[in-house]
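K.L.:
So the sequence lines, in the order shown, correspond to chains P and R. If you're matching positions, the first sequence starts at 0 in numbering that gives the first Met the number 0 and goes up one per residue. If you're matching positions, the second sequence starts at 0 in numbering that gives the first Met the number 0 and goes up one per residue.
By construction, these hints were calculated from the structure, which means they are not laboratory data. Be careful, since some hints might not be right.
Footprint (simulated), chain P over chain R, 3 or more residues, beta carbon under 8 angstroms [stated by the list, open to error]:
id	region
1	25-34
2	38-47
Here are the computed distance ranges between Cβ atoms for each label pair [stated by the list, open to error]:
id	chain 1	residue 1	chain 2	residue 2	range
3	P	A116	R	V169	22 to 30 angstroms
4	P	A131	R	A167	50 to 58 angstroms
5	P	S70	R	A167	33 to 41 angstroms
6	P	T161	R	A167	30 to 38 angstroms
7	P	N85	R	L165	32 to 40 angstroms
8	R	V169	P	T55	14 to 22 angstroms
9	P	A116	R	R82	16 to 24 angstroms
10	R	A150	P	V159	42 to 50 angstroms
11	P	A158	R	L165	44 to 52 angstroms
12	P	V159	R	L165	27 to 35 angstroms
Note that the Cβ used here is the ideal one computed from N, Cα and C, for glycine as well.
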Amino acid sequence: MNFRTLLAAAAGVATVAAAGSAFAASATANASATIVAPSTLAATRDLTFGQIAKPTSGTSTITVASSSSASATPSIDGGNAYVTTNGQAASAAFQLTGSANQAYTVDSTVLSFTNSAGNLANIAALTPVASAGSVGQLPANGVQVLYVGGKFDITPSTAVTTYNGTLVLNVTYQ
Amino acid sequence: MARSSSLIGTCLAGLALAAPASASAASSAVASASVKIVEAGGIAVLSPLVLPTIIATPSGTATFAGDVPSAGTGGTVYARNARLMIRQESGEALSVTVPDTFTVVRVGGNEALTVKTITSGEYGLVGDGILMSGAMMHGVATSVHISGQLALASARRLVPGPYEGLFAVVVEYN
C-alpha cells in the first residue's frame, strides 16, 4: 500500500517535471532610462513701464521692448507724452527649464490691465526674446530666459492713476 | 492563450496613448504688469492780465472804469490778474519766473506804455521776477496770479485807445 502510493507520487513528480522542461524559456532585454529635469516655466521679473506723463495732444504709443535690461526706458511714438524718469522700465522675464536642446512652442502671450477700458488702448505683448539660443529651443544647459515686453496707447483723456495687470505666457514643451 | 494575447494588446495600446502625453506638456506663468500715468508738466493760461480802463479828466486826475472784478458781470471784462495753471510731476522741483516789466502798445498805433509786474516787495512773491521756486506745496498743480502796475505821469500825453502786449512766464523743471 505504501509502495503503490510512493510510485504514484513519483509519477506525479515526473509528470510535472516533464511539463516544466517543455515550456521553460529565458530571454534578456536591456532596459534604460534617462532622467531629465522636469520642464518648468516661472515668471522671474515683472513687466514695468515706469511713470509716463500723458499727452496733452495726440495719441502716444508706449512701448517697453523685449530685452534683458532691468533699467530700460520706454519708447514713445506719436502724441507728446513723455517718460518722466529714464531707466525705470523693464520687460517681463520668464525662466524655462528643461532638458538639453529641448524644443518648445510659445503658444500665447497675453497682456492686460485692470480698468484699462477707455484709458489704455491697443494693449499687446511683444514677441519674446531669448536670453540664449533661440526662441523655441532650450540651449545645451536646459535653461533659458524669455523676455517679453508690451505696449499700449494713451491719450489726453486717459485717467491719471496706476494701472496694474498681468502678462501671461503659455508654452508647450515638446 | 487567447486571453494572454488580449492582455498584451491592451498593454501596448496603453503605452501608445501614454507616450505623447509625457512628451508634450503645456506650462503657463504669470508676471505682473504696471504703469503709472501722470499729468504732464506744463503751464497754461487760464485768463490774461487785464488792466483797468483809465478815464482821464481835465483836472489831471484819473478814474477807473470797471476795475473791480466780480461775478455776474454779464460778459464785461474787468481788470484782473493773469491766472496761470502750472503742473508738475510729483516730487519735481521747479521755478517760475515772470519778467519785471513788459510793454503794451496801442492797437493801431505805436504808442507804448511799460507795465511793471508785481514783485515780492508788493505782494509777497519770492523775489524779483521769481514767482515761486522749489517744489509746489500741494499736489502736482497750482494756480498762480500775476498782476501789473502802470505808472502814468500827469504831464504825459496819452493817446486813448486799447493797449495790448505780451509777457512770457517761464517754468523751469529741475
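K.L.:
Go through the numbered hints given earlier and state which of them the structure violates, listing their numbers in rising order.
P.N.:
When the structure is compared with the hints, numbers 3, 9, 11 turn out to be violated.
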